[in-house]
Every structure is written in structure tokens, then in C-alpha cells.
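Asks: Below are the chains, spelled out letter by letter.
Number of protein chains: 2
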Amino acid sequence: MTKDQRGKLSIFALGGLDEIGKNMYVVQYGNDIVVIDSGLMFPEEEMLGIDIVIPDITYLVENKDKVRGIILTHGHEDHIGGLPYILRQLDIPIYATKLTMGLIEHKLREANILSDTRRYVINNKSEIRLGSTLKASFFYTNHSIPDSVGVCIDTPEGAVVHTGDFKFDMTPVNGQVADLHKMAELGKKGVLCLLSDSTNAERTGFTGSESTVGEGINEVFRKAKQRVIVATFASNIHRIQQVVNACQLYGRKLAVVGRSMVNVVNIASELGYLHVPSDLIIDTDEINRLPANRVAVISTGSQGESMSALTRMANASHRKVEILPGDTVIISATPIPGNEKLIGRTVDQLFRIGADVVYSKTSHVHVSGHGSQEDLKLMLNLIKPKFFIPIHGEYRMLRTHAQLAESVGVRPENIFICDNGDTVEFTGGRARYGPKIQTGKVLVDGLGVGDVGNIVLRDRKLLSQDGILVVVLTLSKANGTIVSGPDIISRGFVYVRESEQLLDEANRIVALTMEKCMKEHVSEWASLKTSIREALSKFLFERIRRRPMILPIIMEV
Amino acid sequence: MTKDQRGKLSIFALGGLDEIGKNMYVVQYGNDIVVIDSGLMFPEEEMLGIDIVIPDITYLVENKDKVRGIILTHGHEDHIGGLPYILRQLDIPIYATKLTMGLIEHKLREANILSDTRRYVINNKSEIRLGSTLKASFFYTNHSIPDSVGVCIDTPEGAVVHTGDFKFDMTPVNGQVADLHKMAELGKKGVLCLLSDSTNAERTGFTGSESTVGEGINEVFRKAKQRVIVATFASNIHRIQQVVNACQLYGRKLAVVGRSMVNVVNIASELGYLHVPSDLIIDTDEINRLPANRVAVISTGSQGESMSALTRMANASHRKVEILPGDTVIISATPIPGNEKLIGRTVDQLFRIGADVVYSKTSHVHVSGHGSQEDLKLMLNLIKPKFFIPIHGEYRMLRTHAQLAESVGVRPENIFICDNGDTVEFTGGRARYGPKIQTGKVLVDGLGVGDVGNIVLRDRKLLSQDGILVVVLTLSKANGTIVSGPDIISRGFVYVRESEQLLDEANRIVALTMEKCMKEHVSEWASLKTSIREALSKFLFERIRRRPMILPIIMEV
Chain Z
253 MTKDQRGKLS
263 IFALGGLDEI
273 GKNMYVVQYG
283 NDIVVIDSGL
293 MFPEEEMLGI
303 DIVIPDITYL
313 VENKDKVRGI
323 ILTHGHEDHI
333 GGLPYILRQL
343 DIPIYATKLT
353 MGLIEHKLRE
363 ANILSDTRRY
373 VINNKSEIRL
383 GSTLKASFFY
393 TNHSIPDSVG
403 VCIDTPEGAV
413 VHTGDFKFDM
423 TPVNGQVADL
433 HKMAELGKKG
443 VLCLLSDSTN
453 AERTGFTGSE
463 STVGEGINEV
473 FRKAKQRVIV
483 ATFASNIHRI
493 QQVVNACQLY
503 GRKLAVVGRS
513 MVNVVNIASE
523 LGYLHVPSDL
533 IIDTDEINRL
543 PANRVAVIST
553 GSQGESMSAL
563 TRMANASHRK
573 VEILPGDTVI
583 ISATPIPGNE
593 KLIGRTVDQL
603 FRIGADVVYS
613 KTSHVHVSGH
623 GSQEDLKLML
633 NLIKPKFFIP
643 IHGEYRMLRT
653 HAQLAESVGV
663 RPENIFICDN
673 GDTVEFTGGR
683 ARYGPKIQTG
693 KVLVDGLGVG
703 DVGNIVLRDR
713 KLLSQDGILV
723 VVLTLSKANG
733 TIVSGPDIIS
743 RGFVYVRESE
753 QLLDEANRIV
763 ALTMEKCMKE
773 HVSEWASLKT
783 SIREALSKFL
793 FERIRRRPMI
803 LPIIMEV
Chain B
253 MTKDQRGKLS
263 IFALGGLDEI
273 GKNMYVVQYG
283 NDIVVIDSGL
293 MFPEEEMLGI
303 DIVIPDITYL
313 VENKDKVRGI
323 ILTHGHEDHI
333 GGLPYILRQL
343 DIPIYATKLT
353 MGLIEHKLRE
363 ANILSDTRRY
373 VINNKSEIRL
383 GSTLKASFFY
393 TNHSIPDSVG
403 VCIDTPEGAV
413 VHTGDFKFDM
423 TPVNGQVADL
433 HKMAELGKKG
443 VLCLLSDSTN
453 AERTGFTGSE
463 STVGEGINEV
473 FRKAKQRVIV
483 ATFASNIHRI
493 QQVVNACQLY
503 GRKLAVVGRS
513 MVNVVNIASE
523 LGYLHVPSDL
533 IIDTDEINRL
543 PANRVAVIST
553 GSQGESMSAL
563 TRMANASHRK
573 VEILPGDTVI
583 ISATPIPGNE
593 KLIGRTVDQL
603 FRIGADVVYS
613 KTSHVHVSGH
623 GSQEDLKLML
633 NLIKPKFFIP
643 IHGEYRMLRT
653 HAQLAESVGV
663 RPENIFICDN
673 GDTVEFTGGR
683 ARYGPKIQTG
693 KVLVDGLGVG
703 DVGNIVLRDR
713 KLLSQDGILV
723 VVLTLSKANG
733 TIVSGPDIIS
743 RGFVYVRESE
753 QLLDEANRIV
763 ALTMEKCMKE
773 HVSEWASLKT
783 SIREALSKFL
793 FERIRRRPMI
803 LPIIMEV
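Top line first, the protein sequences correspond to chains Z and B. Under the numbering used here, the residues of the first sequence are numbered 253 to 809, in order. Under the numbering used here, the residues of the second sequence are numbered 253 to 809, in order.
Identical copies go unnamed one by one, so any copy, or any two together, can satisfy a pair.
Only pairs whose alpha carbons sit at most 27 Å apart, straight line, appear in this in silico DSSO-like list of lysine-lysine:
#1 Lys629 <-> Lys475
#2 Lys387 <-> Lys434
#3 Lys593 <-> Lys613
#4 Lys593 <-> Lys713
#5 Lys790 <-> Lys771
#6 Lys713 <-> Lys693
#7 Lys636 <-> Lys441
#8 Lys790 <-> Lys713
#9 Lys316 <-> Lys359
#10 Lys434 <-> Lys377
#11 Lys387 <-> Lys638
#12 Lys441 <-> Lys260
#13 Lys359 <-> Lys318
Worth flagging that the hints you see were computed from the coordinates, not collected in a lab.
The task is simple: from the sequences and hints, build the whole structure.
Replies: See the structure below:
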């Protein structure tokens, strides 16, 4: 893809399609490559033991002399979380708005690569040249974190617009409505291709304004008799601002709890995205010194994550903050799919303590940061793209977004529903699928990046279901007879004390199998091991309908 | 609890409180015990490898001469699924309505205990004596399976009413409105204590009528150009009836797919709960012989379960039925918490095939079978109990249901929010908490019932996170030196080929540890093993931040 790439525009994703997470989109024209976002993804349920997942960036590493920069659209983990890993392999400049850069710098500092990274802060007036053929400009959007932008990449084939994550909020908390006029202008000048956020493509109507949540929060503060604890996403600075405002309105001091909440509040305050009166914030140690009706707490843990601040408070295992009967807890978030049960348990625990719990199932204390169908159609109508690629979503969301695009007049043959690695090539105003690019999931487990593959995951799955039996025996070098063993050690299989008989029988099965092998003069270890594994597996399945992993170990002396 | 039990009424749950599943409630007066429901629960995420969970019935086994019968309120697994296990330990008669009994009989036949079980079919006219002091009568309710009943147990202390699972449906599919008059009569005569279904206590309003779903389904049938595939819960016979009706209305034949769907359709048709014209049903082999617009399929798999019919169809791995572009698939169910992702993946696969997918997020094709807040208040107002115990729900649901009861006039001190095993004792019109009864979760894994406990589960969890390293070495009996090894075998830890260096180093760590032990004349195997485990664990955590299970095996020759 080097020579024939000249004079051709190519768009593809290394992550973010057919999934929610690890967003990474690429626009390439000839020898100029620009990357939009570098996210991480949290592991799927079947990725046992995995901490995070990042995109496979083999293509970028192989073409690193062409990569002109990475643009980060906003500061969420699924857009910036992969940077510490990516930047270890690629020495390229990064571009982000002030708040996004603040959050990135914190991340790079922790990874010890801050000073090695070339960083450029951009805003909606910036124009940056990326190589000899590409130019990027930006427009502000509304999202659940401030300073989010969409990107316009001007290419010799035409303009490519990437929305970032967005909704339209007509009454945003910081007063900064999206750059509607700039979007309109882009549309008027003509856009070749739009890449737009599909997260909420299944939802009808417009997504509500963030400020309506403020009203809900105020209402709860007004009625609360004792302390108010608000749990939300640490990065939702608008939400935090509204809690700050409620504190001012109702005369409460605010304690900030949870590592990432403290971190974001500091960065956002320093950079001017969060406005907190200097005497409003109190230390967690002071919570108990003030009357309960003069205190509020803002905290992480809105997803019921086991180690988070709210979960620890609910389980009475938080070092500093205790929730008492009569306190009010607001869970200002909706469950991310998969977290419903965890959140349910946290709510149960809080109710058990005797707290009043206000959560999205019963009250209006959350809105999404992603646009619903009417937001998406408004974006399409503003940008008026010739071609459309729905991004940032699982397949049904991409597909539904494509239908929306069709409904507002994008020609069906001009809509490309892609998977990660699918390329769309544009030449002379025409588009078609190009060659596939290598992509995939790189699994991070502890400090290991990519060393856990399918075999390891399959073994973890097996081990998690029925455990393991290790069968140990020692053979004589001289005549192949058993010198010691067979011994069976089991973990995660049965509770040994209650299953002695079963394990005794298993032992006999192994001994019998060995005898049989010897009679038949089987002496290759591989065959012996296979025989033991098969005989034992059959016996256990028949007896107890379980299939533990069986690991025969044969020693020779 | 024998002598002082005389003249005292006691109510408690062995399952169903602070959980959704394994419902089992007990009403005891003196020497007479009656059990209501015997459900199973599907395992929580952390119960690795477990198939199902049933209640601990130690109390019933210890008092088996007093147990007069088990009443089954309806045919759902969380109410009847534990019977095959329970009845192996308790020889007591069971009471259920005709359809419920049909489903139970199928279950007991499979478990080979049908002929050993005394079975009595009841209806809303039945009155059954249970021992010398208790008498049960029944009233029909509306639920997502026909023939559901609530139970009234008359005791010397007063009437105890158990609602079963219910909602109020003013336009039910089978025309059989709940026994409102009988409930009103019970309320008028006076009810001591009500136990009522809390599943939807968090939802405002009334739960919609099942017949509104029929309209949604008809609408989809009307528009569908090719085949229509409907996935729903096998036990939702009303829903199946409405699909049958839609087939008649729009001239389609119906194929029934999925083991439990075939089973329920057969039982329900035989017993007269499902009305299917004899020429409507076709064999799955005939699906492809008929024009696509003359065929519909009803199937299991509405929860995206990996082995279910719909999931296999979506993955093109079903032996008989293939879904083609242009087919319409209705997922007539909402995700049970925890299943959101599985269902999402199935919908994605169906979209990929090119099917039109109609699901609850985008269309009205499902209603719940459990009453919302207004249904629950109506039940409370009809029954007018003196005491109230919310049942069938996680803690927050019980708690919210208690608030509803208070709002319609039940005195707060007369509401008992219980956990499984908590007893409420009634004497002379007063109630208080009594002694705690043994309860718990009995885990079923394959054919093993209760042989997997916390240690086994903890090991499975450990194994699932970072796998296992088995360290094998052979020592000389003579002088304690290493004769062979150390050998390290890993499973589920790292991909060995890419981590040779790490494993080599691990090997050296073990060898060094052994040397050190020998110098220090440590020779007890337990100490040697601990030293190896600790040294290796420390090394691996520092190097790669993982904590695999380490299993040292020392042999002596």
C-alpha cells in the first residue's frame, strides 16, 4: 500500500467498529496518515483475567514514517486510554484541546513518557497541517465531558468530518452550545465523507439536556435531611459542576472521594473547566465534624465496581467515609450494559444501611452524552455528506445509524458499514472497499501486552469451569514400572474432604490405565499421558458430569 | 422448635428473599408445615462452573414428618425447578394447577421420580387440608404463564395470603381476568399477613396487558415480506398463542423450534391451554418447502443463550433452520439483567445476515408478567392485610414494596422485610421476629449437589484470572538433592512460546530457592513448598503483575 496509495484517500478503523471501546480511526492520503483517537476497551466477560484491551497497531508501526499525528477528540478512556501503550511504539505528535490534554498529560506522566511526547493544544480556531496533503480543523460538540471536538480533515479528495462523541445540548451547563455554525459552514462548502457516533442510534427522539439533570439533583438536595452522597463518572465535569452548584444553593460543603474523582476535579479546576468556590471543598476528614445537613460528598463508583469508593462506602469498608441511616445517595449514571447486577447490589447495600437511594430507575438523575436518533439526523443534515460511515458502535447501532442516514437522503450505495480493518477508498469522487488492514484486540494482563492469546484464554475458561486435576507419577528408567504415584492433586474441582471416594477411584483408574499401557508396551510419554487423560476424563464425566482439565506429569528416575 | 411451636404461627423463606430465584416459602403452625414453591436459581457470575443453585432444605429434612405438602403457584423454573432435587430428600405430596402439574410431571419424568411422587391437581375451587391445623385455598392471578395462582393458608392465627407471581391484566389473552372477587372476599373476611411479589416494585404505573403485545406482533406480521421468526420464553404460552393467532390472521404456517419450546407447546396444547389449529404447525423440515411469506417460526433463545435455537440460527449453526436476508426476527422479551450483551450480540448477528430485527429497545413486542407499583397497591388494597412481608425480590425491591405498602395504609411496624431464614412469628394477633432458620445456596455442578463450596469456587476464580503454574521436582531420598527438575508447566498463564525467557527465569528462581533451603537445612516438604510458592509468586508479580496459582509438587526417590 505505498505506491498505489498516492493520489488515493483511504479511511479505516483500527478499533471502534462493531464494539464500544478502543476507538481509533485512520485517514490516509498517499504518504500522510492521521490517526483520530487512541482508546482502550474494558475486557469482555470471556476475556478472563484481562485488564484492558487495546487496538493492534501493526499497520501504524509498519508505516510509522508516514504517521503525522494523533488527534484526540475528548478525554474519555475509550478515546485516550490506549495512548500510553501506543506512544511506546510510535513517536508521533498528539493534538488535543486543553482539558483533554490535561487528562492525557496525567496519564503520560504516570506512564513515565510525558517528556518524550510532542504535544499540541488545539481549539476550534486551530488549523494544523499534517504532512503535505492533509489539514485538520475542529468544531466543538456537546458531550458528557467538556472540550469535546469533532474534526474536519481536508484532503485533496475532499473534506472528511469525524464527529467525535456528541449530542446536541441547547442548554448546556457551561453555556457553550456546539459549533452549529461551523458545522453548517462545513456542510455548505461540501463534505465528502462523514464519520458519526452511533452509540445511541437505537434511541428515538433527542437526548435530553445535561441541565435537566441539575434540576433533578437540586430537588434531591432540597429534600435531603442528612448528608447527600452523589456517585457519578469522574470525567463528567458538567455533572460535578451541577453538584457544586447544588451545594452552594443549599449551603453544603463538598468532599471529593475516589482517586479518579480527585484527579479530575483537580485538573478541571486548574484548567478552568470546573468552577468551585475556594471554601466549598472540604477534606474527607472533616466530613464527620460538620452537621450532616451541611455536607455533601461526590464520589466514584456509579457502576458498582467492586473496588470503587461508593461500593466500599456501601459495604462499610471505606477508610474515611461512612454512610449512615437517613443519608441520601444519588447514583447519577445508568448502568453500562453488563454492570446492572453490580449496581443493583450496591443499591441493595445502601438500602440495607437505611440510606435513601435515588437512582436512574426511579428518578431523573442522569442523561446520556450521546445523541439519539434526532441528534444524529440533525448532524447528518448539517454536514450533508456525500458518503457516510457510521462509527463508534456495535453492529446493530451502525446498521440503525445507516438507516437514519438513508432516511435523511444519503444514497444507500454511499453508506459504508465497516468492520475494523475494512478500508474505504475514495478517488475522483467515487468510493469503494479497498484491501483489508490488519487489526485485532491486543490483550493487556498486568504488565504483559499481547502475551495472552486464545490458547491461554481457552485454558482459563476451562480451569474456571471445573478446575484442574494434576496426576503425578514416577517411572523407573530401568524397566518402566511405577516407582511412586499415581498421586492426584485437584484444585477447583471438588471439595476434597467430601469426595475422597471419587478421588480414590480416579487414582485406581490411572493405575489401571498405566498397567494396560505397559501390557501393550506403550512407552512413549505422549501416548501414556493421552491415555491417562482420556481414561480419567471419561470416568469423571460419567460419574459426575464434569470435565476438569487433566494434567498428567510423568517423571523418570 | 417443636414444643414451643405449638400454638404459634411462623412464616419464613428458604429462598426468594434478597434474590430473584429459588423461591421457597414456608408457613408453619405447630406440627404442620406447608411449603410454597420449590424453585431453582441460575448461578451468579462469580459461581464459576455452577449449573444451578437450589435452596438448603436442612430445616425441612429435619422436620420431614411435619411437612404436609408443597404447593406450586405456577410453572416457572424459579418456582418448580428445584423439585427434582427436593423430592429426592422429602417424600411429600405436591399440589399444583393442571398446567403447572403438566410441566412438573415432565420434569419428574426426566428425573425418574414421577411415579414416586404423590401429586394433586388443584384449581380456584379447591380446598385442601394440610395437617390438622392448616387449610389452603387458591385464587387465579395473571402472569406470563397461564394457570398461576395465589394461595390463602387458613391458620388458627388467621389467614396468610401468598400472591405467587402476578400482575393485573384487564384484557388477558385467554379472557381469564384474575379472581378479583375472591381476593376482595379474602380481604373482607380479614387477612392476617400478605406475602406479595416485589419483582417490579421499582416500576411506576400499571404493567401493560399481554394483549397489547399481540397488536405489536400482528403489526410486524402484516409488514413482513419473508419469513417471521419469533423468539420468546418457552413458558410464555399467552405469547405463543398470540403468535399462533397472527399466523392464522396472515396465512402463515408455524414451525416450533428449540427443545423446551416444543415441549411446552405439546404440554400446553394437550392440556387445553394453547389452541392451535391442527394444520397450522409444520415440521422444521418443511420450512424451506413453503414460500417464505407463508412461514413463521417460534423459537427459544430470546436471552441470547449460547446454545439456544435463535443463537444457533443467528450464527448459521442450526441444523434445520437458516435465517435469510429479508427475514424478520422478533425478539419478544426484554433482557434479564446480565444478559444484555448476549442479546446484543445475537441482534448484531441477525442484522449481519440481513434480517430485519424487531426487539424491545425499538418496538412494543414485550410486557412484563410482574405487576408494577399500581398493581401492587391494588393487591394490597384488595387483601387489606394486617401484616405485610414483601417477597420475591432483591433487597431494594422488597424495601420499595414496603414503602408502597406503607403508602396504602399498612402500619410501618407491621411490615417485615426479611432475609431468607428470618422467621416472623404470630401469636394472638401480634408479630415479631423469631429464631433464625438455617438456609443457604446449594450449588449443583453436573451431578454433584453441594460438593462445590467456597474453597473450590475461590480456586476456580484464581485459576480463571491468571492460570496455574505447576512446579515439579524430584529429590533424592538419600541426601535431599534435586534428582530431576525443577520443571515448570503452565496453563492459562502466558503464551509459552513468547514467554520462554520468563519461564526460564522462573525456573532459576525455583532452583535458587531450593539451594537456599538446603543450605538452611529446611527439609520439611510443607516448608519447601511454601518457600517455592512465595519466591515464585513474588518474582512473577514484580515482573509481570500477575498472580497465577502456584502448585509445587515434590517427589522423592
